[in-house]
Each structure stands twice: as C-alpha cells, then as structure tokens.
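All chains, please: the whole structure from these sequences, using the hints.
Chains as they are written, first to last, in full-length UniProt numbering: chain A, 1 to 611; chain B, 1 to 460.
Please note: incorrect hints may appear among the correct ones.
If you want a taste of the chain B side facing chain A, the calculated C-beta under 7 Å gives, among others [what the hints assert, rightly or not]:
#1 Leu215
#2 Ile276
#3 Pro307
#4 Thr311
#5 Leu370
#6 Leu402
#7 Ile406
#8 Leu419
#9 Glu453
Treat the hints as calculated values from the structure; they're not laboratory data. Here a beta-carbon is modelled for each residue, glycine too, at the ideal position from N, C-alpha and C.
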Amino acid sequence: MYTTLIFNSTLMTMFIILTAPILTTLNPMKFDKKWAELWVKTAVQLAFFTSLIPLFIYLDQGIETITTNWQWMNTNTFNINISFKFDQYSIVFIPIALYVTWSILEFANWYMHQDPKMNQFFKYLLLFLITMMILVTANNMFQLFIGWEGVGIMSFLLIGWWHGRTNANTAALQAVIYNRVGDIGLTLSMIWFAINLNTWEMQQMFIMSNNIDMTIPLLGLTLAATGKSAQFGLHPWLPAAMEGPTPVSALLHSSTMVVAGIFLLIRLHPLMDNNKLILTTCLCLGALTTLFTAACALTQNDIKKIIAFSTSSQLGLMMVAIGLNQPQLAFLHICTHAFFKAMLFLCSGSIIHSLNDEQDIRKMGGLHNMLPTTSSCTMIGSMALTGMPFLAGFFSKDAIIESLNSSHLNAWALITTLMATSFTAVYSLRIIYLVMMNYPRFQSLSPINENDTKTHNPIKRLAWGSVIAGMMIFLNILPTKSQTMTMPIHMKTAAIMVTILGILTAMELTKLTSTQLKIIPNINLHNPSNMLGYFPNIIHRLLPQTNLYLGQKMATHLTDQTWFEKIGPKGILALQIPTTKMINNSQQGLIKTYLTMFFLTTVLFTTMTMI
Amino acid sequence: MLKILMPTTMLILTTWLTKPAWLWSTMTANSLLVATISLTWLKWDSESGWNSLNSSMATDPLSTPLLILTCWLLPLMILASQNHMSMEPLNRQRSFISLLISLQTFLIMAFSATEIIMFYIMFEATLIPTLIIITRWGNQTERLNAGTYFLFYTLMGSLPLLIALLMTQNNLGTLSMPLIQHLHQMKLHTHGDMMWWTACLLAFLVKMPLYGVHLWLPKAHVEAPIAGSMVLAAVLLKLGGYGMMRLIMMLTPMTKTLAYPFIILALWGIIMTGSICLRQTDLKSLIAYSSVGHMGLVAAGILTQTPWGFTGATVLMIAHGLTSSALFCLANTNYERTHSRTMILARGMQVILPLMTFWWLMMNLANLALPPSTNLMGELLIITTTFNWSNWTLTMTGLGMLITAIYSLHMFLTTQRGLTTNHIISIEPSHTREHLLMTMHALPMLLLILKPELIWGWSY
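Put into structure tokens, the structure is as follows:
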C-alpha cells in the first residue's frame with residue numbers, strides 16, 4: 001500500500017516541481033538570465049531524479065496505477081474527470097523525456113545565450129515539456145486532448161521563435177494547420193466514443209468497445225496520428241519546423257510533439273487490436289512514410305533538414321510497428337530514438353554555431369579534427385540511427401524489422417521498409433562523409449569552439465544514453481505481445497545486411513562523384529528527391545490558392561457583397577424606389593389643383609347623395 | 001431581482017451627480033459592485049429551477065450566466081471607452097455612460113423576464129440604445145448605413161414574432177415561461193403552423209445572426225465605438241440564442257424537420273464566414289465575421305434540440321461572449337494607437353507592446369478553442385450533437401475548426417509577429433487600464449475552466 005502511495009505522490013511531486021518555475025514568472029520582477037538555468041534546468045533535472053523513484057518501483061514490483069483526482073464536469077451521466085494513468089508507457093517515458101530535456105535545456109543555455117528573451121524561451125520549452133507530460137499521463141480523452149493541443153500550440157510558438165523571419169512564421173503556421181487536420185480526426189473519434197461508448201475514460205473505453213465495430217473512430221485516430229507524427233500526406237510541416245532554434249528541433253523531434261501521434265496509437269492500441277483494416281492502414285502508411293521521407297533525406301543539403309527527414313522516416317518505422325500489432329516495439333523505438341535524435345540535433349547545433357550559422361553540409365568538412373567530441377557523438381548517433389548492433393537503435397529497429405520479416409502480412413510493406421532502412425545508412429553516411437571527413441570547405445575564420453561544458457556535457461550525456469539506453473529498456477520491459485523467437489539466419493540478418501549494402505553502394509557512388517566519370521551528371525532521380533517529391537510545390541500552392549480565391553471571390557464578393565445585398569437590403573431598396581417616385585410624381589405641391597379636385601369630388605358626391 | 005435592477009437604474013443618477021474628476025472611476029467601481037452582487041445568482045437552491053422569483057422576473061440556470069455576463073460587461077465597457085471619450089465634453093461623457101447603463105437595464109429585464117411578451121418588449125427596447133450607440137458615437141459616416149442595416153434587419157425579423165406571440169397567447173392562454181414547458185404539446189401540421197414556427201424563430205436567427213441574414217453584423221461591429229462592439233458581440237447576439245432556447249420548447253414536434261435548412265445554413269455559414277475571415281484586411285470586420293461563424297455553431301446546437309446541444313450552446317455563448325469582446329478590446333487598443341483598423345498597418349506589435357502580445361495570444365487561442373478553454377467545451381458538445389444528428393456534418397464542423405484555427409493564428413501572426421512597419425514612429429505604451437480590462441476578460445474565462453458547470457445551462 002505504501003509503495004502505491006509513494007509511487008503516486010512522487011509522480012505528482014514531479015508535476016509540481018515542473019510547474020514551479022512557471023509560477024515564479026507570476027512575480028512581476030524582471031529576472032536576470034540566470035533564471036533559465038537556475039529554475040528551469042534545475043527543475044527538469046530534479047524532476048528527472050524524482051521520476052526515477054516510481055520507475056524503480058515499477059521495475060521492481062510492476063505497479064501500474066490509475067488515479068482519479070477530481071470530477072471536472074458532467075452532463076447527464078457523462079463524466080469528465082482529471083485522471084492520470086501511470087502505467088508501463090508513462091512510467092518509462094517520463095524519465096526519458098526528462099533526461100533528454102534536461103540535456104537540451106543545458107545545451108540551450110549555451111546556444112541561446114545571446115538571445116535577449118532567453119528566459120521566455122526556456123519557459124516555452126518547459127511548457128512544451130509539461131504539455132507532453134500531460135498527454136502521456138492522461139487517462140481520459142479530454143485530458144489527452146489538452147496535452148495534444150498544448151504541444152501543438154507550444155510548437156507553434158517555438159518554431160516561430162525568430163518571428164522576424166517570414167519563413168519561421170510560415171513554418172509555425174504550417175505546423176498548426178497540418179496538426180489541425182489531424183485534430184479533426186481526434187475530434188471525430190472523441191465524439192464517436194462519447195456517443196457510442198458514453199465515456200472518455202480509457203479503461204472504460206477498452207471494456208465497452210469489445211463487441212463494437214470501431215473502424216470509424218480508429219480511422220479518426222489514425223488521421224490524428226498522421227497529422228501529429230507527420231506521416232505521409234501530412235508530413236511537410238516536420239522538415240519545415242526546423243526553422244525554429246536548434247534546441248527546439250531537438251526537443252520537438254525527440255521526446256515531444258512528433259512522437260505524440262504514435263503514442264496516442266500505442267495508448268489506445270487495445271481498441272485496434274482486432275481491427276485488421278486499421279492495422280493494415282497503419283502498416284502501409286508507415287512503410288510509405290518511412291521510404292518516402294528517407295528518399296527525401298538522401299539529397300538534402302541542409303544538415304538539420306536531413307536529420308528532420310530521418311525523424312520522419314523513423315516515425316514511419318514506429319507506425320509500421322503499430323501496424324504489425326506490436327505497440328511495445330513502437331514504444332521502445334520512441335524511447336531509444338529520443339536519445340540519439342536529440343543528440344544528433346544538439347551536435348548539428350554545435351556545428352552550426354561553430355561555423356557561424358552555416359547549415360549547408362557542402363560547406364563543411366574535416367570537422368573531426370576541429371570538433372572531436374561533437375564529431376564522435378554525431379558518429380555514435382548516426383550509427384545508433386542506422387541500427388548498429390548493440391547501440392540503442394539496434395534493439396528497437398532490429399526488433400521491428402525482425403517481426404516484419406517473420407510476419408506474413410504484407411510483402412510490399414516489408415520491401416519498402418527494408419529499402420528505407422538501407423537509405424538510413426546512406427544519408428547517415430552522407431552526413432558523416434560531408435561534415436567530418438576530407439578537408440574543410442568553410443571559411444577559415446569560423447568561431448569553432450566546443451569547449452564550453454554546457455556544449456559537450458549534454459551531448460556526452462545523450463551519447464551515453466544512445467549507447468546503453470536500448471539495452472537497458474529492452475532488458476527491463478516485459479513484452480505483452482508474442483515476440484519473434486526464432487527465425488532463419490537470413491531473416492535475422494536482413495536489417496543489417498541491407499544497411500551494409502546501403503553503405504557500400506553509397507561509398508561507391510561518392511567515389512563516382514569525386515572521380516567525375518560523368519561530366520554531366522544524370523539528375524533525373526535526384527530532382528524529385530531534392531524537391532521533396534514535388535509535394536509542397538503542389539499542395540502548398542494549389543490548396544491555399546484555391547481556398548483563398550474562393551474565399552475572396554465566392555464567399556466575400558459573390559455571396560456576401562452581391563447576392564445577400566441584392567436579395568436583402570439593396571433589392572428591397574430597388575423595389576421601393578420606383579413606387580416612391582410614382583407617388584412622388586402625383587404630389588407636386590400644386591395646391592390649387594388639389595383644392596379644385598377636392599371641391600369637384602365633394603360637389604359630385606353631395607349631388608349624388610341628394611339625388 | 002430588484003437587488004440588481006434598482007442599483008443598475010440608480011447608476012444613471014450616480015453618473016449625473018458624480019464629480020467630473022471621479023466620473024469614470026466611480027462608474028467603473030459602482031458597476032463592478034453591481035456585477036459582484038450579481039454573482040449571488042449563481043447559488044441555485046430551488047427545485048423547480050427558477051430562482052429569485054418575483055411576479056414578472058426570475059432566473060434559471062439558462063439565464064443566470066447570461067445575466068451575470070451582462071452585469072460583468074458594463075464595467076468593462078466603461079473601462080474600454082474611457083480613452084476615446086476623454087476628449088468629449090463632460091455632459092456627453094455622462095450621457096454616453098447613461099446610455100450604456102440603460103442598455104444594461106433593458107438587457108437584465110430581457111434575460112430575467114418570465115413572460116415571453118415582456119422578453120419581447122425588452123428585446124426590442126435594447127435596439128434603441130444600441131442604435132444610438134452606433135449612429136451617434138460611431139466614427140465614420142458609414143455608421144448611419146450600419147445603423148439602418150442593424151435596425152431594419154432586426155425589425156424585419158422580430159415583427160413576425162410579435163404576431164406569432166399574440167397568436168400563441170390566443171391559443172394557449174398564457175405566455176409564461178415557467179408554465180409553457182408544462183403545457184401539452186400543440187398539434188401542429190398545417191402550413192399556417194409552419195409559418196408560425198418560422199415566425200417564432202426568425203427574430204432570433206436574425207439576431208444571432210444566422211448566415212444569410214448576417215449582413216448587419218459586420219457593419220454594426222465595424223462602425224460602432226468599442227463599447228458598442230463589445231456589448232453587441234458579448235450580449236446582444238446572445239439574446240438570439242437565449243430566445244431560441246426559450247421558445248423552441250413549445251415548437252417541439254415541428255422543429256425536427258423544419259430545422260433542417262437552418263442547421264445546414266448555420267453550418268455552411270461557419271465555412272463561408274471562415275473563408276471570408278481568411279481574406280479580411282479589416283481587423284474588426286475579421287472578428288465580427290468570426291462571431292458569425294461561432295454563433296452559427298450555437299444555432300446548430302440549439303436546433304438539434306438535445307441536452308448536449310443546449311449545454312454546448314449555453315457554454316459557447318458565454319465563452320464566445322468573453323472572447324470576442326476581449327478581441328474587440330484588443331483591436332481597439334491598436335486602433336487608438338494607429339488610428340486604422342487595417343491589419344497590415346499595425347504589424348509586428350510584439351516588439352513594441354510585448355505584454356499586449358500575451359493577451360492577443362491568449363484570446364486568439366481561446367477563439368480557436370484550445371483545450372481546456374470553455375470555448376472548446378462548448379464546441380465539442382455542439383459538434384458531438386450535430387454529429388449525432390447526421391454524421392456528415394463533421395465535414396463542415398471539422399473544416400470549420402481548421403479554418404477557425406487558421407484565421408485566428410493569421411490574425412495573431414499579422415498583428416503581433418514579423419517586422420514592425422516603417423511608418424510606426426511613436427506608439428503610446430499600453431496603459432494599466434488596458435491590461436486591467438484584459439485581465440477582467442481573462443479572469444472569468446480562466447475561472448470558468450475550473451467549474452464549467454456554472455454555465456452548463458439546464459443540464460447542470
């Protein structure tokens with residue numbers, strides 16, 4: 001009993017610790033720049049250590065709880081509560097998110113030190129984290145929706161942080177619009193749950209939904225996840241979101257925001273357990289996403305964009321795991337991915353800062369001599385990303401591909417995913433090759449320096465995570481779904497083989513370019529990949545243009561200012577004016593005529609009555 | 001009832017007797033006092049649902065939130081008008097305040113009337129002070145046109161209502177709200193009954209306004225002075241929703257089929273007005289059109305006639321009242337500084353008035369229904385009930401959600417973010433009064449999140 005008490009109260013304490021810095025800002029005094037480190041970073045750090053207690057209790061005793069604290073509102077038998085779900089997923093995810101965020105905040109302290117509004121920036125980051133925590137621990141749909149929209153809006157503010165630049169504002173708005181499309185899906189499923197299951201509490205939903213066809217709300221949830229987790233069709237906002245400062249990208253791509261969509265599906269997975277249609281949809285959507293975005297990553301030149309596309313690709317892989325009916329594997333991949341993706345972004349931040357805000361990898365090179373720590377960590381991160389055995393990514397990625405290999409669901413999805421896996425190796429190699437190897441191609445007076453502890457400590461901390469986190473989580477989580485136990489050797493090694501194949505091909509191709517066998521390169525394949533499949537060009541022009549055109553011509557000019565005016569006030573006016581004029585005509589003020597008329601008619605009538 | 005009504009009418013006397021130097025602060029304080037006392041209405045303890053009964057007035061869970069909103073808005077209007085009235089001669093200031101107070105008196109009587117005919121009279125009576133506010137205190141010449149539109153649209157809608165009410169009185173023998181809900185349902189099926197049905201709702205649909213008869217609203221909003229825009233958006237539109245909910249109970253059997261075109265029109269209106277908002281250049285007009293969209297949602301919720309629909313409509317009316325009033329105040333702070341409503345002329349204000357940006361952000365987020373704001377609760381309830389009515393409505397409500405988010409954030413981005421325009425050379429810093437004004441809008445919004453059941457209407 002006491003363990004449960006400690007379990008719940010430490011988690012609540014964690015929430016209180018996290019909100020404390022926000023409360024200090026109610027103080028009207030102006031804080032100096034130390035506030036960011038003193039309050040925000042410390043709070044996250046402290047919250048991380050606090051959250052270890054319930055983690056250990058969970059690992060030791062397997063406690064999972066649902067805490068209902070307060071009945072918020074009710075309408076005729078429909079209750080909305082504040083209730084928290086501390087289960088395997090939230091208990092494991094919270095410390096990871098806090099650990100990653102702690103490192104990112106420490107890094108941001110260095111990266112953003114010139115920004116005049118650094119405190120506000122930290123406050124936003126913290127709020128971003130808190131909304132994600134709300135989402136992760138929510139036990140009912142309404143609370144989840146709060147977190148869901150919260151991360152959306154915080155990402156809007158953070159992506160548009162440098163709001164003097166039009167691109168930043170556009171990217172911010174773009175993120176919200178794409179997410180809002182997903183929100184329609186989430187709203188659909190919430191409404192459907194409310195009408196048909198009469199509850200938004202998750203455990204009740206799982207029980208009630210047993211014998212009901214859940215296809216409609218599940219499609220809604222898939223749409224929601226597609227928007228939030230940037231799956232194919234609603235993906236363009238994610239690479240655009242790198243307009244934000246690098247710490248934002250690191251946080252957004254690792255432990256908050258983008259994984260929220262996948263997390264939603266993991267959380268509500270009991271609903272889709274038996275629904276083949278939805279599982280297949282998820283599988284194919286995930287496979288398509290992972291291949292398409294990996295292909296886009298191949299030819300990008302902006303270092304942050306490559307990493308952003310690789311996130312998208314990994315999210316597709318998580319979606320594949322959901323489609324394979326293996327939510328735990330997807331969750332595992334979320335956890336491991338958080339470490340190395342955050343680290344890759346921090347490394348790119350360090351590189352960008354050192355090269356005087358240069359993001360183009362063609363203008364880098366030879367950095368392994370000048371930025372040794374950053375370079376080694378980028379190396380570790382890239383290897384973890386490609387699934388190098390026994391690094392973090394290996395445990396989750398390999399497991400997903402293994403179970404995909406051994407399933408008989410969909411050969412197309414299998415091949416697509418394997419191709420994407422080999423592409424991962426290619427673009428990772430491309431970063432390493434162009435950024436670190438060979439000779440420098442940047443200006444000679446770059447302020448290269450990574451000796452600040454605030455730079456290399458967080459990166460190193462995350463590097464440790466990228467090395468050991470996979471194994472630690474893998475060994476400690478009890479799988480609930482049946483796992484792949486045995487398989488032929490070629491299936492077991494398929495993932496690593498295609499990766500190696502990818503690397504070898506890429507090396508061969510780089511040799512081709514540097515020896516210039518062809519004077520004029522054949523770029524037919526290069527173009528669609530570099531232009532992101534022409535997706536933004538078509539969708540981002542056609543749809544808004546049509547919409548705005550209709551808004552102007554149809555809604556404003558034609559309907560409002562013409563038809564409604566004509567039918568209503570102007571039309572009545574036009575009808576009235578002729579009659580008014582006619583009556584006016586007969587009333588010309590000719591008093592003699594009127595009197596004569598009056599006299600004549602009176603005489604006429606009197607004589608008529610007299611006769 | 002009289003505890004509020006008497007002090008409210010006495011405020012007029014106070015206006016004329018207060019020392020000039022203390023005029024605005026006294027009026028703000030006194031009206032705020034009245035608003036505070038009105039909070040006691042929130043204590044419900046009656047079995048029948050009707051509270052504070054006297055022979056012709058009462059409150060119930062539906063009217064209470066609207067009444068309190070009305071009382072709460074008067075100090076806010078006085079606060080907001082202070083700056084642009086400061087140049088006027090003293091007597092005009094006093095008559096302006098008296099006008100606002102008389103409007104408040106009529107509104108209180110309208111919301112608390114137990115006889116439908118008294119509600120009708122008060123409903124019409126509010127037109128007079130509002131018309132004077134628009135046509136006397138507006139800024140441009142277009143205000144006269146706006147006043148005409150406002151008056152005639154509303155009158156064209158509400159005169160049939162008078163006839164319908166007289167007919168009802170003839171048939172039922174009563175127009176008492178507490179009684180009518182217990183009477184037998186009328187047998188309605190002739191064409192005459194259909195006309196009666198339409199006449200009963202048309203007045204309120206015009207007042208809401210329903211898309212199609214909304215032309216008066218953007219004009220009135222744009223041309224009215226700030227207090228006029230505030231009270232229009234916050235309370236006067238809600239008279240429509242309130243009246244509809246009161247009358248729709250006696251129309252029950254016909255509403256089921258006759259409401260179809262109106263629900264569709266209301267939902268279609270969300271998309272159309274949203275599209276108009278996307279192309280608006282005029283800040284106040286944008287907010288006005290967004291009001292039309294939101295009120296369309298309210299109309300759809302009421303017309304579906306489900307408990308969720310009614311609850312959602314009540315919640316959304318209150319939430320939207322506070323939000324849109326706050327947005328008009330914000331637009332006015334810009335207007336008082338740049339003397340233009342054109343959005344593009346007041347860009348990048350975050351750099352100049354950073355705290356105002358916070359309010360802009362908050363109010364825009366409330367406008368796009370960010371959870372857990374009460375706006376979201378209302379919208380979600382209404383979307384649920386229309387989805388239940390017909391699944392395909394989700395395409396319209398869903399698209400509406402999307403477009404609302406887009407134009408709200410577009411408004412935020414254009415006014416606050418980006419580079420400052422070159423022509424802005426000197427801008428007055430924001431006053432404490434303005435921040436107080438925004439706080440007084442935000443405070444009820446935030447507190448209502450904690451206990452939304454206060455504005456839950458009949459379903460509480």
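Hints not upheld, ascending by number: none
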